[in-house]
Amino acid sequence: MELMGSLYILFVILICLHQCSGLECKKGYSLITSEGTAEKGIRTEQCPSFEFQYCVATICTTVGEQALSSIVWGCNLHNDKASCANYTTMRMIDKTKLKNISCHCEFGEIGVDLANEHFLLPTDRIKCVSGVFNAKGYGSTVDKNCTKEAQSCYTASCASDNDSAYMLWGCRSEAENCTAIESKEAANLKHSLRCQCVFGEKGVQLSNENVTLLIPPIFIDIEATNMDSSSPGIRLIGEINRMLLLMIGMVPFRAMFACHIFGIV
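The sequence shown maps to residues -22 to -1, 1 to 243 in mature numbering (1 follows the signal peptide of the UniProt record, and there is no 0).
If you're looking for bench data, these hints aren't it; they were derived computationally from the structure. Treat the hints loosely; a few may be bogus.
[As the list claims (entries may be wrong)] Derived BS3-like pairs: lysine-lysine, alpha-carbon spacing no greater than 25 Å straight-line: (1) Lys162 <-> Lys105; (2) Lys180 <-> Lys105; (3) Lys18 <-> Lys75; (4) Lys5 <-> Lys59; (5) Lys168 <-> Lys180; (6) Lys180 <-> Lys162; (7) Lys18 <-> Lys73; (8) Lys162 <-> Lys77; (9) Lys105 <-> Lys18; (10) Lys5 <-> Lys73; (11) Lys75 <-> Lys59; (12) Lys73 <-> Lys126; (13) Lys75 <-> Lys162; (14) Lys126 <-> Lys162; (15) Lys59 <-> Lys126; (16) Lys73 <-> Lys59; (17) Lys168 <-> Lys114; (18) Lys105 <-> Lys77; (19) Lys180 <-> Lys75; (20) Lys168 <-> Lys77; (21) Lys105 <-> Lys59; (22) Lys5 <-> Lys18; (23) Lys126 <-> Lys105; (24) Lys18 <-> Lys126; (25) Lys162 <-> Lys114; (26) Lys114 <-> Lys75; (27) Lys77 <-> Lys126.
[What the hints assert, rightly or not] Restraint ranges, calculated between C-beta atoms of paired labels, are given here: (28) Glu127 <-> Gly(-1): 19 to 27 Å; (29) Asp121 <-> Glu95: 26 to 34 Å; (30) Gly115 <-> Ser80: 39 to 47 Å; (31) Asp139 <-> Gly19: 48 to 56 Å; (32) Glu13 <-> His56: 16 to 24 Å.
Glycine is no exception: its CB is placed at the ideal position from the N, C-alpha and C atoms.
Produce the complete structure using the sequences and hints provided.
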């Protein structure tokens, strides 16, 4: 009888230790920007007090050209999604100084350990080569994480109002045509542009990676929308480009330009 009593007391103590040890949640953050991905402090940890009853994941994204996606895992007192979203959005705007951030919160079941570990960042975004080279071969490119709205890549060969030439790469939304890209890039370069554009296939990663176009002021009139780098028209243009490049002894734009191109210095 005394043994049974001792076992019962031990059972009660074990239950208390489990229930009184506090909720355990996944903690840390993951961040995706146009420069790449970063993670920090991802771990399992007890919440700071017994008042925290929910494991939560706060997910924030931007719209527009400045791509940013973040997720923060942690503990929360309540499961008020609206209040959590408003607070998180205002805090992110204050920290990043970006105005186009939208955040929402996902909560696990009340009192359930690690109920936030299955919440992850969306993976439906693509990467595109992004950057610019001028006619003298100066410039750079990176592999950029696009915004959610940008679902395809572009390559543009442009002549500017200052008698220079540029090769441009980047991300584009479905609504952007070559004229819209001209305007966007003209604002970045602070020069008026006339461009020839080729668009990669929707949803394809780095579809503009190996696309080069004729050098301004030579333009081929093509309907670029919905054309990808594997289409017959683009392959033909690519063959013409390669022959011309061999004839004038220059290498593709993304590697290095010649210093004198069709009289452009």
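Can the suggested window of 16 to 24 Å be confirmed for the beta-carbon pair Glu13 and His56?
-> violated (35 Å)
Holds or violated: are the alpha carbons of Lys180 and Lys162 at most 25 Å from each other?
-> With Cα atoms ~20 Å apart, Lys180 and Lys162 stay inside 25 Å; holds.
Within 25 Å, alpha carbon to alpha carbon, are Lys168 and Lys180?
-> violated (29 Å)
Decide if the proposed pair is consistent with the structure: Lys168 and Lys114, CA atoms, cutoff 25 Å inclusive.
-> holds (18 Å)
Would you mind confirming whether the straight-line C-alpha gap from Lys73 to Lys126 stays at or under 25 Å?
-> holds (21 Å)
Starting from Lys126, check that the Cα of Lys162 is at most 25 Å away, please.
-> Status holds; Cα separation ~18 Å.
Decide if the proposed pair is consistent with the structure: Lys105 and Lys59, CA atoms, cutoff 25 Å inclusive.
-> The given pair, whose Cα atoms are some 31 Å apart, is violated under the 25 Å limit.
Agreement of Lys75 and Lys162 with the hint, judged by alpha carbon distance not exceeding 25 Å | holds (22 Å)
Take the C-alpha atoms of Lys77 and Lys126, compute the straight-line distance between them, and say whether it is at most 25 Å.
-> holds (16 Å)
Okay, Asp139 versus Gly19 on CB: inside 48 to 56 Å?
-> holds (50 Å)
Pair hint outcome, Lys18 versus Lys126 [Cα-Cα no greater than 25 Å] | holds (23 Å)
Should the hint that Asp121 and Glu95 are 26 to 34 Å apart at their CB atoms be regarded as holding?
-> Given about 29 Å between the Cβ atoms, the range holds.
Violated hints for the displayed structure, listed by number in ascending order: 5, 19, 21, 26, 28, 32.
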